[in-house]
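Student: Input sequences plus hints: build the corresponding full structure.
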Amino acid sequence: MSSIPEKQENQKQVLTLNELSKRKVVEHNSLITSIAKMDKTPLKMFELAVSCINTEEPPKDNIVYLSKRDLFAFFKVSDNDKHSRFKEAVEKMQKQAFFQIKEEAGKGFKFKSIVPIPYVEWTDYNDEVKIEFHREIMPYLINLKKNFTQHALSDIAELNSKYSIILYRWLSMNYSQYEHYSTKGGRRAEQVESYRNPSISIKELRIMTDTVNDYERFQSLETWILKKPIEEINAHTHFNVTYDKIKAGRSIDSIVFHIEKKRTAEDNSYKLDDQAYIEDKKQKEETEKDLVFEAMKSKYTQILLENMLLSPYEMTDTALMAGLQAHVYPLYDELKDLRGLNGVKDHLSYVASKQEDYSKRNIAKYLKKAIEQYLPTVKRQDLS
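Start counting the sequence shown at 191; every next residue gets the next number (my numbering).
Calculated directly from the structure, the hints in this document are not laboratory data.
Just so it is clear, CB atoms sit at the ideal spot from N, CA and C, and this is done for glycine as well.
Heads up, some of the hints might be wrong.
[Said to hold, decoys possible] Calculated cross-link-like contacts (lysine-lysine; reagent style BS3-like; alpha-carbon spacing at most 30 Å):
#1 K282 with K320
#2 K292 with K258
#3 K214 with K535
#4 K452 with K569
#5 K374 with K227
#6 K535 with K558
#7 K336 with K258
#8 K297 with K214
#9 K526 with K452
#10 K418 with K352
#11 K418 with K393
#12 K297 with K230
#13 K393 with K227
#14 K258 with K285
#15 K230 with K302
#16 K451 with K555
#17 K335 with K227
[What the hints assert, rightly or not] Estimated spans, in silico, between C-beta atoms of each pair:
#18 F408 with F299: 23 to 31 Å
#19 D480 with N403: 58 to 66 Å
#20 E293 with H428: 45 to 53 Å
Tutor: Here it is, written out as structure tokens:
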């Protein structure tokens, strides 16, 4: 007799696709840095299910309900074989997919292997899909007070590679820490910036992406684990990401990522060498000469030379030197007013330690980007 009202209550929990598009995925950082032993479909299905958890009122029975119709739409499945493909994906998720979690415990580490969704139920005559989480995965999804990350489900929806999803989750984790500490304080400015420019060793990257025994040549690893995923992330998420390869001897030892929230089209159209405000060519040339003259005398040029961020040969590039004087050095003046000349030296020393194989043609943009990212953090810390 009680099954009918129970069923009605379940129907109330079924979420529409429009609601799903507004959902956030909240996970403990230990889960984000774990090894996802699954391909992209189970991983996306897990993220979709997690987004349906009400973190303020988590399900006591660890169950959420989805609409089959909206689930197919989320995965952009429209062919006649969609039901059998869904069934295969669920079976694969339950038989093969699990998270391998590593946590600090006492003097060592504790290792856990958890099948996140052991039970899925649906019928061929009903639109509802019942998804039950494993009890051991729930602590990583609810009652999270610290060390957790929230990201948009809509970002995950457009990613078509397992590696894109894994890398996006990790980048989101780091950027979330940047936003938290840049607002709340509690970290030195250099530490805060390291969250927006996170570094990971090649060994750690292989472990996280479960490619320890794959892509033996770095060129292949870079193509499938870095280049293609970042292309997807830049195209479909709220982030713009670049990276530098850091060498130890002759080998690539680690990767430093640079994360930015996307700007408007107007912001992205800006160029350092844009002199549209100078209509007269002669005036432009005279202005450039004045800028170059000032740059040559600037103490910042000497600091760049000392940190090998600028070479004597590059100083002969008048457009480069004018760009530095017009668009970069005024920002160094702001930092100098806040932290003194030593503050500028410390910043450029840090930039020099992180850069590797950047395009010399973009050195002015590279330096401008670095100081633009750093200044807001310094200003917020001085206000707190």
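Student: Would the hint linking K214 and K535 be met if the CA-CA limit is 30 Å?
Tutor: Roughly 40 Å between the alpha carbons, so the hint for K214 and K535 is violated.
Student: With a cut-off of 30 Å on the C-alpha distance, tell me whether K418 and K393 pass.
Tutor: Between K418 and K393 the Cα gap is close to 19 Å, so the pair holds against 30 Å.
Student: Would the pair K230 and K302 pass a check requiring their Cα atoms to be no farther apart than 30 Å?
Tutor: Satisfied, since the Cα-Cα distance of roughly 21 Å is no more than 30 Å.
Student: Within a Cα-Cα threshold of 30 Å, do K282 and K320 meet the stated pairing?
Tutor: The hint holds at about 17 Å.
Student: Taking 30 Å as the top limit, are the C-alpha atoms of K292 and K258 close enough?
Tutor: violated, 34 Å
Student: Going straight from one Cα to the other, do K297 and K214 come out at no more than 30 Å?
Tutor: violated, 35 Å
Student: Could you check the hint for me, namely that D480 and N403 are 58 to 66 Å apart, CB to CB?
Tutor: holds, 59 Å
Student: Are the Cα positions of K374 and K227 separated by 30 Å at most?
Tutor: With a Cα-Cα distance of about 35 Å, the restraint between K374 and K227 is violated, given a limit of 30 Å.
Student: Hey, K297 versus K230, does the alpha-carbon distance stay inside 30 Å?
Tutor: Since the Cα atoms of K297 and K230 sit roughly 35 Å apart, the hinted pair is violated (cutoff 30 Å).
Student: Starting from K535, check that the Cα of K558 is at most 30 Å away, please.
Tutor: holds, 15 Å
Student: Run the distance test for K452 versus K569: straight-line Cα separation, threshold 30 Å.
Tutor: Given that 30 Å is the threshold and the Cα spacing comes to 21 Å, the pair holds.
Student: Take the C-alpha atoms of K336 and K258, compute the straight-line distance between them, and say whether it is at most 30 Å.
Tutor: Violated - the C-alpha atoms of K258 and K336 are around 33 Å apart, more than 30 Å.
Hint compliance for this structure: hints 2, 3, 5, 7, 8, 12, 20 are not met, and every other hint is.
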